[in-house]
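For the record, the sequence lines run as chains X and E.
Every number in our numbering is 1157 more than the matching position in the first sequence, counting from 1.
Every number in our numbering is 65 more than the matching position in the second sequence, counting from 1.
These are computed hints drawn from the structure, not numbers from a lab.
Among the hints, erroneous ones may be present.
Not everything, but these chain X residues come out facing chain E in the computed CB check (under 8 Å) [said to hold, decoys possible]:
(1) R1311
(2) R1346
(3) N1363
Since the structure is predicted, the reported quantities are computational estimates derived from the model, not experimental observations.
Yeah, the Cβ is synthetic: ideal placement off N, Cα and C, and Gly gets one too.
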Amino acid sequence: MAEVSTGQKALIGAGVAVAVGAAGFLLARRSPDVHDDGHNVSDAPDHTWRRKTGRYEEGLVGRTVSINRPKQEVYQQWRDFTRFPTFMENVERVEDLGEGRSRWKVKAPLGSTVELVTRIVEDEPGTTIAWESDLDSEIQTSGRVEFFEQAPGRGTGVRLTLKYDPPAGLPGRAIAKILQREPNVQARRDLRRFKQLMETGEIATNASPSGRRSESPSEATI
Amino acid sequence: MRALTWQGRHDVRVETVPDPEIVNPHDAILRVTSTAICGSDLHLYDGYIPGMRAGDILGHEFMGEVIETGPESTLKKGQRVVVPFPIACGECFFCRKQQFSCCDNTNPAETSDATEFQYGYPMAGVFGYSHLTGGYAGGQAEYVRVPFSNVGPIVVPDHLEDDKVLFLSDILPTGWMAAENCEIEEGDTVAVWGCGPVGLFAIQSALLMGAHRVIAIDHYRSRLALAKQLGAEILDYREVDVREALAEMTGGIGPDAVIDAVGLEAHGISIDNILDQAKSMTFMVTDRIHVFREAVLAVRKGGRVSVPGVYGGFADKFPVGAFMEKGLTMRTGQTHVHRYLKPLLEHIEQGRIDTTFLISHHAPLEQAAEMYRNWHDDQDQFTKIVLKTEMAAPKSGQKEQQHELA
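Here chain E stands alone, though its shape is the one from the complex (with noise of 0.2 Å):
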């Protein structure tokens, strides 16, 4: 099948690889219809994520038609599906509880080793992103196997079209995470950092939780435009002191709660951010929390921030003294993808929510390479990138039989 693969920092190849077949009994495998880039690729793209290893294929958003199944699958062939992006198992204490992105069995043992020693305790396994949370292939390929399809999957309704459901896998429940994070009460005003697509649903979210009023802080003009279509006030932090602003817009009291929808590669011209940057040059830290901090110092006392942006390793100068002398409150993250897929496959249904008005770009699976490298130089332009497995027209999409797996 032919599959994106990553080969090193800001090297990515569409390839020729040998075709997924069913390894334990939960498994499934799916014919991909449609799969997106997200933000979080990018961070695997520019080498901010260890545990790459040359040839991995890439993509955790993803859906198709199953094709093949285990014995112990409770999908069927021909079912369309979209994937969660944590993989879970749903048998263990976390999964029990609901933390289904803290999934103790699906990472697998010789993989683990690297996240209980810098976490703690063993992340759970990921689709395409890298061997530190399993080294599973992604869905950025024509075919993929789906560990545990007995929990993840959920089956869609033939009327609903790919780019209505496809962000049920990510984004969506990430951005809904992220507004739900934040408790929103009567009045609220969120600030958001970030227009991305996780962001942009965030903003989506707040508003449909009763957030009052959303503040939405970016400097790509086209996705400050998405937002304030939403219905967000918008700031260009190039024209503005993001606090002052946000401090007056709100009388003096700041925003109830802040959502970091950036994460570990923050954009900006900033003292710490410099330092940041010249920091992780040198392996000082390797995160540059830029808006992180932003976000605690503006959030007003006894708010709440809520950080669904990846973070990776470590990083320094966190204002511990704002944190706790207000009196915050922090949730963040990996999604609970499997949470959220019915309420929100219903609110997609409604009509309550869109997700088509983000997407920028659709391209053929074999132009992947190309469409990394527009998502990374062309932010504004390029807001969300769909690929298309059936676009792939130069070669058939017939499988193709390859030399045998190892």
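Isolated chain X (complex conformation) (with noise of 0.2 Å):
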């Protein structure tokens, strides 16, 4: 077999996943948009509907997790603000301000933090905890978590939606733009961190010795 260098490779592959990807866009345009307004089916919920259909909604990020944990159990967790720092990777503080207001310090793009403070407005022990900004809070969000009974040996099901609406000016929609591509990164390592804390105890880490001097992720991947 004739040697092809790793330069070579990655041309072809590159060519090769342009063509793909130009097909692929070609054949999509030609399929008619069967989606109708006012006649959704789906029986999913609403941060998986697609953009051209009725139900969709801008900035509506959603996950699911499965707890093997009673839904009291896991509601008591998640009642507690101030325990979201030890799961949540962008958020550094929440400080308890009484009557279902809390201030948040948040993580935001580079190295900068930003600072809300967020009021519950539904709490249905054991079943829905949503809250919301302040209006005058540098950045609005609001989120909602709730708890349910799955299928036999599943668990309680444990779903977050959260909803980020752009803040004025031009910083705030920088920022807004990295927040809204973000809270579903976030949302997913969230809430799988939260798993593993009331699953097991713990938070899963691969903290462990390497031939490295530091652990940039900048280092020679293949």
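Two independent chains are provided; combine them into the complex using the hints.
So this is what it looks like as structure tokens:
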């Protein structure tokens, strides 16, 4: 077999990817839009609806996990917002201001932080907790977590939905742009950590030795 | 401590790295006494598995002595334990179903996006096997951190030496599960592709489970000889057309169950394998599935296909027509090692399973890089390599104080 350099391989790979992508795009364009507003039938949560459907909501992201613990216990754990920093990567600190109000310090792009104050707007013990940011907060956000029984042996379903409204002004929009993209990833990872904590009492980490000088992610991968 | 680190394709080195520490409550630290190089380590060595980072410590087959425990570990200092290669939490839906290699909680949140994207759901953590499966440091080292040590490790009795129990970590249960996945019935013929350690243990297990006969396929003479020694009939695929031979040897019925113990780096000169090689060089496919195809075509109608061989990505020309029309059942997966530890330890203690016959070489950990080269280049002579930390004569086995872990 003739030797092919990595560069050549990458070039051929890229060429094939572009061709496949273009073909896919053309095929997708040809198919007619079958989603008609007002005739939606799917029994799926709001955050899973496609952009072209009537049920789609801009800026809404969500994620569901199963947790092998009783509903009430999972609810109790989530009800104390000051514990969020243990499993939410972007949340540095949450301070309880009383009467369902909390002050959040959240990591923002470029090493800065954003503060916001939220208040609980819905609290159904064992079922639902929903919160919204105060109108004068730097970013507008709302969240909702629902707890529900699942099929036998599947534990408690925990569904987190988050909604971010783009703040005014250019810097705000820049932050929002990243925040709009990030919530999905954050919701996914935060819920994984929450699940690990609830089910095993610890958050899984690969912290262990390596031959690397640092843990910079820019080091060689294949 | 000294540890074998991956630096790039065909480049592994024994280096001095920081010692592991207890991080989480269920952790334990082992002083490794024996650790083996696995066939699947060659997939890392050859650069087939993505998500490797220079400096990663390899090794997922290891055993040793407990020297430190976290507050929630159920192990005690001084115990000799063998550690399963998949890390399992014991609490999630999958662990409760005994599907330990599917554990939902052991791949850290930061590293589990990749397999979720590629496979639909994130895979469990595995020792020393790329950041796709958590980026955990492996056991080809003097010391290793074992997360969830309350769930995985099995304590082994002192009268059984390392060589007898080390393979409980991976290849013995993997061969066993491969045979179990064949759902062997009276009179069954099982055909096994690949007489590497997993294939050899699959042969032994299938016969123990009552297979009427086992037919083993390979081209390395010493490996075929080991298969024969275990009681299998053997086929060298360079000498005969495997499909024709299998059909003729089974009266035209075909083997009742087939085991692909080869996986994604199939050898052999056949049109489909050459095409796969060409395509994998241009990134059009990632896995060469020659054996998989041949096994699906060779198995009898209504038969069972068991796949312990490792695949990672995508492949084409999977004979889906044969698969459907013949009404086949396929069972596969990373081994649920935890499930098999106790029964297999008992088989070893009773002398029903021989785990030492396939070890061709013992070497000090210091020579690990050389051993990887040998394991890669000379698979006929090197059937299984066990690395010993105590044999590391050049430097003392003392724990060395290194810079703090970040």
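Here is what the structure says about each hint:
1. R1311: holds (6 Å)
2. R1346: Holds: closest Cβ of chain E sits about 4 Å from X:R1346, inside 8 Å.
3. N1363: Holds: closest Cβ of chain E sits about 4 Å from X:N1363, inside 8 Å.
In terms of the numbered hints stated before, the structure departs from none.
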